[in-house]
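J.: Protein chains in written order, with our numbering: chain A, 1 to 332; chain B, 1 to 528.
Errors might be hidden in some of the hints.
Claimed, not checked - Among the chain A residues that face chain B by a calculated CB cut under 7 Å, a handful are: (1) V231; (2) Y282; (3) P329.
Said to hold, decoys possible - Incomplete in silico selection of chain B near chain A, CB under 7 Å: (4) V66; (5) L78; (6) G88; (7) K90; (8) E91; (9) R92; (10) S94; (11) T95; (12) E98; (13) R99; (14) M106; (15) D230.
No lab work stands behind these hints: they were computed from the structure. Bear in mind that the values here come from a model prediction, so they are computed numbers and not experimental data. Note that CB positions come from ideal geometry on N, CA and C, so glycine has one too.
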Amino acid sequence: MIAEEPRIDATKVTELAQALEAELARLIVGQKELVRDTVIALIAGGHVLLEGVPGLGKTVLVRSLGQVLSMSFARVQFTPDLMPADIVGTNVIGETDGRREFRYQAGPLFANLVLADEINRATPKTQSALLEAMQERTVTVGTQTRSLPSPFFVLATQNPIELEGTYPLPEAQLDRFFFKILVPFPSEHDLLEIARRTTGESTPQLEPVADGGAVLAAQRIAREVPIAEHVLAYAARVIAATHPDRSELDSVRRYVRWGASPRGMQTLVLAGKVRALLEGRYNVAFDDLNAVARPALRHRIFLQFEAEADGITTDRLISELLEHTVKEPARD
Amino acid sequence: MNSLETILRQLRRAAARARAASYAVHGLVAAGAWIAAVLVIARLVPFERRAEVAAIGVPVAAALVVLAWSLRRPSAPLLMALADIRLGLKERLSTAWERRAEAGPMDGALRQDALRHAAGASLVRAFPVRVNRGEASLVAVLTIFALGLAVLPNPMDRVLAQRQADRASQARAAKVVTDAQKKVAASDKPNPQVEKILQDTQAKIREAASPRKALESITPAEQQLQRLTDPGTPALNSSAQNLANALSGTAAGRGAAQAISSSPAKGAQAVRDLASQLQTLSPKDREELAKALAKASQQAQNAPMRDSLSKAASSLQSGDTSAAAQSLNDVASQLDSLQAQQNTDQAVASAINGLEAARQELAAQADRDAKGQAANGTAGASASASASASASGNGNGNGTGNGTGNGTGNGNGNGNGNGNGNGTGTGGGSTGGTGGTGSQGSGTGSGSGASSTERVYVPGQPVPGQSENDPTPLGPGQDVPLSPFSQVIQAYQQAALDATDQSLIPGSERDLVRQYFSQLGEQTQGAR
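Here chain A stands alone, though its shape is the one from the complex:
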C-alpha cells in the first residue's frame, strides 16, 4: 500500500463556496445558478463572461464579488475608444532625482478581480490586449513582460442586444473564458425581493469572507479531486460529440460549424471537480460534468448560420448531446 499523502481538508473549499454564496445572496436575489457557476469559475481559476440584458445585476454581481473577497478589484468600462494601454498600462515619462525616465504606469488589469464591463463595446485591438492577460496572466508592454497578481480573474459582461457599434468577441478570445454564464431574467418572486432590498433606506453592505490566499488554496484542493477513467472518457466523448465531423447527432452535423476545443475539455473536467467538492463529494460524477457543460461549452461551440435561422441554440445542442452520450463504460 502506498503511503497516503497528507490529507487535504476539502471541506474548506465547500465552506468557502458556501460562505461566498451566502454573502452574495444577501445582495443578489435568486440567481443561485449564476452565483454557483461564478463561484465554481472562481475556485477553478477561470474567467467568466456574463451575458445578459442590462439591469439584471451582472455588474452588481461582480462588484459584490469584489466586496466579499479581500482582493484588489478594478473595473474597466469598455468603450470603442478604449485603447489597450488604457487597460494594460503604459510607460510614462517621470522625473526622479532630476532625471527624466520612462516609468511603467500599471493599468487596471493589475488587480485580482477585474470587471470588464460591456467588453464587446471595445475594439478588437483592445479586446486582444486581454488575451495574454487572461491566458498567461502576464502583461507585456514594450519589451517587458510583467506578471499579474494572483489570483487573477476577469469577469466580463456583454449585452446580447444593442449590437450596433459592438465588436463581437473573436473565437480565440471567447475560448479564454472559462465559463460563459447567461444571466436570466429573475422570477416575479425575485423581482419583488429585489425591489424590497434595493429601494429601501439602505442596501445591504457585504462583508469580506475570504481573501486571495483562501481562493488559491481552494484552487489547489480542487485540482486534487480524482476523476475516474470512464468519467473522463465520458467528458472526452462529450467534447468529441460537439464536432460535426465526429458527432453521431444529426443536429450537430447540421448546425455546428466548429466544436469545442481541448480547452473546453479542461474546463469541463476542472469545473466538474469544483462542483464535486461543492456537492460534498471527493470524486467527479457524470452529473458534475453535465451540470457544468452548458456554461463551459456554450461559447466554444460555433453554429452555422442555418442554426440561427432555425432558432437552434448551443444550449439546446449541448442538452441533446448530453442526452445521447453513453455513460456506461465499454464492456471489456
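Fit chain B to the known structure of chain A by using the hints.
T.: Relative to chain A, chain B alone:
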C-alpha cells in the same frame, strides 16, 4: 463497514445471478428455436432421429449459455461503474475502486465516502434478476409452436417408416444371401466363384438405395451363376446313367455300374479299377463288357463320352486291352468332370435359391412401397388413386411367383402415382441338380384424379355371376354391357400374368407383359 473487496464480491454475486437469469432465457430461446427449426425441417424433408437431434439442442444451448455466462463476466471496474449508475452513487464506487491502491491527498476521504454511501445502498438492486419480457414471450411462442409441431401428424413419418422398412427388408435379404454363401462355403466342395458372387450381391443389396435398386443386383448375379453351370451336364449325366445301366448287365462291370449310379466320382474310380483289371478278365467277360460299352456308346448323348466308350468297346473287341484301358480312363475322367460339374451346379442352385429368397423379400417390400407411393400420389382431399402390382416367375424347373397390389380411392381432384411389384419364382429341376429362377417382376401404380362421380366405362366382360350367353339387360341408350375400365384392365392384367405363371415363359418375357399393362395404365391415366 465493508471494504471495497466485499462490495465487489456482493456485486459479483448479484450480477452473476442477474446474468444467469438473463442467459437462461437466452438459452431457452436458442433451444426453443433449435427444436422448432428441427421440427419444421422434419416436416419438409425426411429426417430420421429428429427427436434426438432436437433434444441435442437443449444441452448444447445450455452448454453455450454456461460458456458465455462464464466467459463474459463483467470486470470489477464495470461492475462498480454500473452499480454507481444504477444505485445513484455518483461514481463514488468506481472512482474509489480505480484508485484503491492510490495514496493521493483525497483518496482516503474518497474511499470512506464511497464505503459510507455503499453501506446505505442495497447493492443487490444494482443487478436485479429480471427477465426480458420480449424474450419470455418468444420462449412461450416457440414452446407452443414446437409442441404443436411435435403433436400434429408429420407427413414425413410415412416416408421414414417406408425407409426403415426398406432398410430392414434389405438387411433381411442380405442376410438370406449371406446364409446362402455360408451354406456354399460349408459344403464339401466349396466354390469360391459362387461365394464371391454371393458376397458381392449381398453387399450391393445392403448398399442399395431402395429395394427396387437392390432387386436390380439379383438378376445379374443369377446370370453370373448360370454361366458357371455347363449346359452339357445333363447329357453327360444321362450318358453316365446309360453307362451304368449297360454295365449293370455285365459281370465285370456290375460294381462299376453301382458305383456310377451312386456318384460320378465313385463311378470314375470304379471305371479306372475296371480298366486296370481288363487283362485279367476272361474273354467272355471282355466280350460281354465290350458289348455293354458299345451299347452305352450308342446311347450316349455326350460326344466325348460316346467316343471314349466307342473306342473302349472296339479296342476291347479287338483284344487291345491297353487301348481299352486308356479309353476307360478317359471315361473315368469324364465322370470326374461330371462330378465336379454337379458340385458346381449344386452350389449354384443353393446360391440361386438364396438369391430368390432375397428377391422375394425385396419384391414384397418394393410392392408395399409402390402401394404407398401410389397412395401418396393422390392430390386433393378426396382424390382417388389406384395402384396395382403383379409379378410372376419361372425357372428351369417349375417356378411360380406372383404378387399383386392395388389401391383404390374416390374423390375429387387430380393425382398421379406409380407402383412397382416384384415377383419371384423358385423351383427344382427334374434332376434336382438345378433350381429354377424367377425373373424380377414389376408392378404398376397409377393415380387418378377422376371425380367420384366420373367413372370410365368400356364395353367389357360380363358382370360376375353372368355368362357371356346371358348378357346384362341393356339400359336406355346402351348397346353393349358396360364395366368400369379399371376393373377390366386389372382383370386382363391378372389373367395375363396368371397365364404366364403357369407356362414356361422366361421372366424377361413376363416382364414385357407386365410392362405392357403398366404402360397401358399410364396411357389411360394420361388420357384422363
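J.: Have a go at the P329/A hint: is there a Cβ in chain B nearer than 7 Å to its own Cβ?
T.: Nearest chain B Cβ about 5 Å off; hint holds.
J.: Can K90/B be said to touch chain A, with a Cβ gap under 7 Å?
T.: holds, 4 Å
J.: For the hint on R92/B, does the least C-beta distance to chain A fall short of 7 Å?
T.: At about 6 Å, which falls below the 7 Å cut-off, the nearest Cβ of chain A leaves the hint on R92/B intact, so it holds.
J.: Verify the interface restraint on T95/B: the C-beta must sit less than 7 Å from at least one C-beta of chain A.
T.: Status holds, d = 4 Å.
J.: Would you check whether R99/B satisfies its interface hint, that is, whether its CB is within less than 7 Å of any CB in chain A?
T.: holds, 5 Å
J.: Against chain A, run the beta carbon of E91/B and see if the smallest gap drops under 7 Å.
T.: Because about 4 Å separates E91/B from the closest Cβ in chain A, which is inside the 7 Å limit, the hint holds.
J.: Using Cβ atoms only, decide whether G88/B comes closer than 7 Å to chain A, and label the hint accordingly.
T.: violated, 9 Å
J.: A closest beta-carbon separation below 7 Å is what the hint needs, so does L78/B meet it against chain A?
T.: Hint holds; L78/B Cβ to chain A Cβ min 6 Å, cut 7 Å.
J.: Hint M106/B vs chain A: min CB-CB distance below 7 Å?
T.: holds, 5 Å
J.: Are S94/B and chain A close enough, Cβ to Cβ, to be under 7 Å, as the hint says?
T.: The hint holds - S94/B has a Cβ within 7 Å of chain A, the shortest such distance being about 5 Å.
J.: Does D230/B pass the interface check with chain A, least Cβ-Cβ distance below 7 Å?
T.: Status violated, d = 86 Å.
J.: Go through the hint on V66/B and say holds or violated, using the shortest Cβ distance to chain A against 7 Å.
T.: With a closest approach of 19 Å, the V66/B hint is violated.
Violation of the numbered hints given earlier is confined to hints 4, 6 and 15; the remaining hints are satisfied by the structure.
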